[in-house]
Amino acid sequence: MPWQFISTYPPLIVEHAGGRFYGSQLGVGGLATVVHTLNTLFATPFHVPRTLTYTVIGIEVTTLTAGNLRLGIYRDSSGAPGALVLDAGVVTTGTTGAKTIVISQELTAGHYWLASVSDAGPTLRGYTTANSLHWLGFTSGTDTNIHTGVSVAFTYAALPDPFTGGSALFVGNIPRVFLGY
0 MPWQFISTYP PLIVEHAGGR FYGSQLGVGG LATVVHTLNT LFATPFHVPR TLTYTVIGIE
60 VTTLTAGNLR LGIYRDSSGA PGALVLDAGV VTTGTTGAKT IVISQELTAG HYWLASVSDA
120 GPTLRGYTTA NSLHWLGFTS GTDTNIHTGV SVAFTYAALP DPFTGGSALF VGNIPRVFLG
180 Y
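For the sequence shown, counting from 1, position 115 maps to 114 in numbering that gives the first Met the number 0; every step adds exactly one.
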């Protein structure tokens with residue numbers, strides 16, 4: 000896996016505490032705002048430190064655009080999104096603030112991908128190349144871009160299973176999807 004965690008001291012991944020929300024561990028520093036491109040399926044890696052049952056999945060809308068956004072979780076498949084674990088449903092992007100869906104999803108320790116697709120173009124809280132780590136690697140020896148996840152053109156609908164083929168490393172901005180328990 001290109002983003003497999005190696006034992007280090009201190010550990011790079013800390014325990015998840017109840018009552019808190021967690022996004023991709025690739026984000027560092029402050030979050031930015033990003034526009035969720037219409038009809039684009041995004042996924043960003045997420046590490047689960049131990050078996051947990053997550054009770055909330057969500058995003059934060061910072062600038063409203065009337066529409067819908069579907070959220071979900073994919074299993075990792077050799078460093079890329081693979082089989083669909085959960086299509087959590089839809090939140091509206093017609094108002095600002097945190098948009099959450101109540102779930103009850105047990106995830107075993109390991110790597111997953113948090114995904115979103117929108118039928119509009121809302122501005123969300125997200126990760127950019129300026130506030131992300133480069134754990135997803137580079138596309139070549141001369142690539143100087145930080146990769147924050149993957150994206151692929153996908154007409155807004157129920158999430159595909161498995162993650163739709165042809166995914167490419169996404170360079171630049173990616174929405175922050177978060178889980179809580």
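In short, the hints are calculated from the structure, not lab data. Wrong hints could be hidden among the right ones.
Computed spacing ranges between beta-carbons, pair by pair [unchecked claim]:
id, residue 1, residue 2, range
1, Leu37, Thr107, 31 to 39 Å
2, Thr54, Gly96, 15 to 23 Å
3, Ala152, Ala82, 16 to 24 Å
Positions of the beta carbon are idealized from the N, C-alpha and C atoms, including for glycine.
The hints, checked one at a time:
no.: 1; hint: Leu37 - Thr107: 31 to 39 Å; verdict: holds, 34 Å
no.: 2; hint: Thr54 - Gly96: 15 to 23 Å; verdict: holds, 19 Å
no.: 3; hint: Ala152 - Ala82: 16 to 24 Å; verdict: holds, 20 Å
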